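Undergrad: This is what each chain is made of:
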Amino acid sequence: MKSMINRFGGYLMVAATAALFTGCASTGVHNPSGVPVTEMRPDERGFVAGTGVESQDLVAVTDKMARGILSIPLVQQAQGTPRIVLDPVKNETRFPINKDIFLTRIRAQLNEKAAGKVLFLARDRMAALEKERDLKISGQVTSSADPHVVEFKGADFFLTGTLQGLTTRTSAGTSDYILYAFQLIDARTSDIIWESSAEIKKQGLEDAAYR
Amino acid sequence: MKKLLLAGLLCVPLWFTGCATVDQGPPILLTGDILVDGPNAIAHGHARDKVLWEYRTAVGAMRAGNYGLAKGYLDDALTAIGGVYGKDATAKEARSYFHGEEKKKFIGEPYERVMAYYYRGILYWMDGEPDNARACFKSAQIEDSSAEQQYNSDYILLDYLDGLATVKQSGDGSDALNRVIKLRSPYPKPPAYDPRANVLFFLEFGQGPTKYATGSYQEELRFRVTPSRVKSAVVRVEDQALALGPYDDLDFQATTRGGRVMDHVLANKAVFKTTTDIVGTAAIASGAILAATDHSDAGLGIGLGLVAAGVVSKIISSATTPAADTRSWDNLPHYLSFAALRLAPGQHTATVEFRDPTGYTLPNLTKTITLNVPADPHDVVVYVSDRSQTPQTR
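In the order they appear, the protein sequences are chains L and R. For the first sequence, my numbering assigns the number 1 to the initial residue and increments by one for each residue that follows. For the second sequence, my numbering assigns the number 212 to the initial residue and increments by one for each residue that follows.
Keep in mind that the hints were calculated from the coordinates and are not lab data. Computed from a predicted model, the values in this text were never measured in an experiment. Don't take each hint at face value.
Claimed, not checked - Cross-link-like lysine-lysine pairs, in silico, DSS-like; alpha carbons within 25 Å at most:
hint : chain 1 : residue 1 : chain 2 : residue 2
1    : L       : K202      : L       : K117
2    : R       : K442      : R       : K400
3    : R       : K261      : R       : K298
4    : R       : K282      : R       : K303
5    : R       : K525      : L       : K202
6    : L       : K113      : L       : K99
7    : R       : K298      : L       : K90
8    : R       : K400      : R       : K422
9    : L       : K202      : L       : K113
10   : L       : K99       : R       : K282
11   : R       : K282      : L       : K201
12   : L       : K131      : L       : K64
13   : L       : K90       : L       : K202
14   : L       : K202      : R       : K422
15   : R       : K525      : R       : K303
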């Protein structure tokens, strides 16, 4: 009898001790020491992801568009250097985004890699440029050319785009398809001289606790 | 041996006390002022409640006219909503037998997520970005798509504003307007779009839904709806007076949400808790009887074993937590309304009166707004709640 009680007591203590550790492990703080900063390439999918527009999409889409613009015959064989003005992208998706970021990256890619094959006009800086010209005209600052002569260039092309999306949400999850379409429009004739698109579809399902 | 047994028994309460200390969050001293409590709770409270406090603080900031502050909180909250896919450690914990649902990171029920997008949409429109505002209204309608079949994506204003934003960008908003016409609603529908309307009033009034729990173990989530003292509003700008009723009702939206997957999880937890409790009681009773009546060594051993198993079963039952998550975005409105007016460039004074169900104007709720309408085609966006500060300038 005594040996049975001894054995039983031993089991109880082992079980209770195991429970002590398993219980606390399950209620403890996750990542108590934090997660160190992880540097990632902008074209790779991070461990924090949604079904919306993300950096890897931006990089993939804008790389494709920049390559496409450089291969346009009208740009390759142009007599002078074509001047391009950026016209804001239209966002028709369900994701609020900074629309300028697409055109900014395309412009930066072209300026980096095209080496003057195309030039962009800084229309978003017109207020500052006009102010500088007025200072020159009034003689408040020096000028290397006659400031009365209009030298602000007109655009040969407009670069713009549209983001459109389709969303499906069921008990199986959420699916988001986004079509990124970009166009180069002839400013004189309104001809669309080039257009290219990229499609990205993402699906995800949240934990049952959120459904 | 007795010491050994005592040590073993001491470990059992340790199990609970040890875990309880890990679970306790830092105490947040509440003052009743959301613009004090909210930032304090976001900075020092539980990480799992951060989005809840961001929601509450954002709407508080909007009512105080601090739209910049509201934007920051809503952007952070919407990032949490949009990134909820896949594995989530807190959600997994909430589904486990031994943790309540409130252990999960709060993102709210669909009507709460909808409102986060709705408010952000208003703020985007205020900033002259109707396309991003439209994106928010679309996402909000998607958040409501998990409601019961006949009630999914049935917010009148979300579709209406989606179409209006399209019209404002020289698009065709007729698809969205047709959806509005087809939606079932107990309230009158908004009028056809006026593309030249340049002052947009986003109105809200009444107290929105809150949550409570029922059931043996508080495992059933319920919504408490409070009758609203304000039932309609009148917008007056010079010689124009526009009587407005609700277009959307958040109490209706909360209560037509339909069953949740989590309800099944909580129901299973409740069954488990009941079963382990019954099994524990039966094992202790039968073990005690056996040990007392059977004088053989084997009988005593089995009896004590049954008692021990019963105690463990009772402990498991006691540790099982089927309680539903009743954390609520508790400063939401009951009703949403909207008006679009056409005003000449220049300064105007608008008043918004709120009326009770009998049509009586509640004098202490009237808001005064100074409108500076620009000559360019940008819209002036006015957000007015019956709890907004007054006067305000837009």
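Undergrad: None of the hints should be skipped; say for each whether it holds.
TA: Do the hints match the structure? See the list:
The hinted pair formed by L:K202 and L:K117 fails the criterion: a straight-line CA distance of about 36 Å is larger than 25 Å. In summary, the hint linking R:K442 to R:K400 is supported, as the alpha carbons are separated by about 16 Å, within the 25 Å threshold. Distance restraint check for R:K261 and R:K298: the Cα-Cα separation of roughly 19 Å lies within the 25 Å cut-off, and the hinted pair is therefore satisfied. Distance hint between R:K282 and R:K303 is unfulfilled; the C-alpha atoms sit about 30 Å from each other, more than 25 Å.
Among the hinted pairs, R:K525 with L:K202 is inconsistent with the structure: their alpha-carbon atoms are about 46 Å apart, more than 25 Å. Between L:K113 and L:K99, the direct Cα distance comes to roughly 22 Å. Compliance with the 25 Å bound is thereby established for this hinted pair. About 33 Å separates the Cα atoms of R:K298 and L:K90, which puts this hinted pair outside 25 Å; it is violated. Proximity of R:K400 to R:K422 is assessed by CA-CA distance (about 29 Å); at most 25 Å being required, the pair is judged violated.
Restraint check: the Cα-Cα separation between L:K202 and L:K113 comes to about 30 Å, which exceeds 25 Å; the hinted pair is violated. Of the supplied pair hints, the one linking L:K99 and R:K282 holds, its CA atoms being roughly 18 Å apart against a limit of 25 Å. Simply put, R:K282 and L:K201 have alpha-carbon atoms about 28 Å apart, too far for the 25 Å limit, and the pair is violated. Of the supplied pair hints, the one linking L:K131 and L:K64 is violated, its CA atoms being roughly 37 Å apart against a limit of 25 Å.
Using a Cα cut-off of 25 Å, the hinted pair L:K90 and L:K202 holds, with the two alpha carbons roughly 21 Å apart. This hinted pair does not check out: L:K202 and R:K422 have alpha carbons roughly 33 Å apart, beyond 25 Å. Among the hinted pairs, R:K525 with R:K303 is consistent with the structure: their alpha-carbon atoms are about 24 Å apart, no more than 25 Å.
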